[in-house]
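S.K.: Sequence:
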Amino acid sequence: MASIIAGLAGGLLATIVMTAVMMMLGDGGSPPTAALVEKFAGGEPNDHATPGMILHMVYAVVLVGFLGAGILA
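Numbering-wise, the numbering used here puts 60 at position 71 of the sequence shown, and it's gapless, one number per residue.
Just so you know, these hints were derived from the structure itself, not from any lab.
All C-beta atoms, glycine included, are put in the ideal place defined by N, C-alpha and C.
Keep in mind that the hints are not guaranteed to be accurate.
Quick list of the computed label-pair ranges, beta carbon to beta carbon [said to hold, decoys possible]: (1) 12 / 52: 26 to 34 Å; (2) -6 / 28: 16 to 24 Å; (3) 18 / -6: 31 to 39 Å; (4) 55 / 18: 38 to 46 Å; (5) 36 / -5: 35 to 43 Å; (6) 43 / 13: 18 to 26 Å; (7) 51 / 10: 18 to 26 Å.
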């Protein structure tokens, strides 16, 4: 259990750092996951920037957390 928590903490840190870097280097548009939210909710991806960012943070933290804990390795 401790390795899963450590993996999730590492995933959160890595996601925050990588998201910050991509926001500085990117084009200032919505995150890629906003396009996924747009497919289900309709509208334009820029209309769903906040839900897209939340979805991005959740799946990245969980995925990197499980990879860090060795569950998906």
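S.K.: Run every hint past the structure and note whether it holds.
M.R.: Hints versus structure:
Distance hint for residue 12 and residue 52: a CB-CB separation of about 19 Å, inconsistent with the stated range 26 to 34 Å. The hinted window of 16 to 24 Å between residue -6 and residue 28 is violated, with their beta carbons roughly 33 Å apart. In this structure the supplied range 31 to 39 Å holds for residue 18 paired with residue -6, their Cβ-Cβ distance being about 34 Å. One distance hint, 38 to 46 Å for the beta-carbon pair residue 55 and residue 18, is violated here, with the actual separation near 29 Å.
At about 37 Å, the beta-carbon gap between residue 36 and residue -5 stays in the expected band of 35 to 43 Å. Separation of residue 43 from residue 13 is about 20 Å and conforms to the stated range, judged on CB atoms against 18 to 26 Å. Between residue 51 and residue 10 the beta carbon distance is about 20 Å. The supplied range of 18 to 26 Å therefore holds.
In summary, the structure is inconsistent with hints 1, 2, 4 from the numbered list given earlier, while agreeing with the others.
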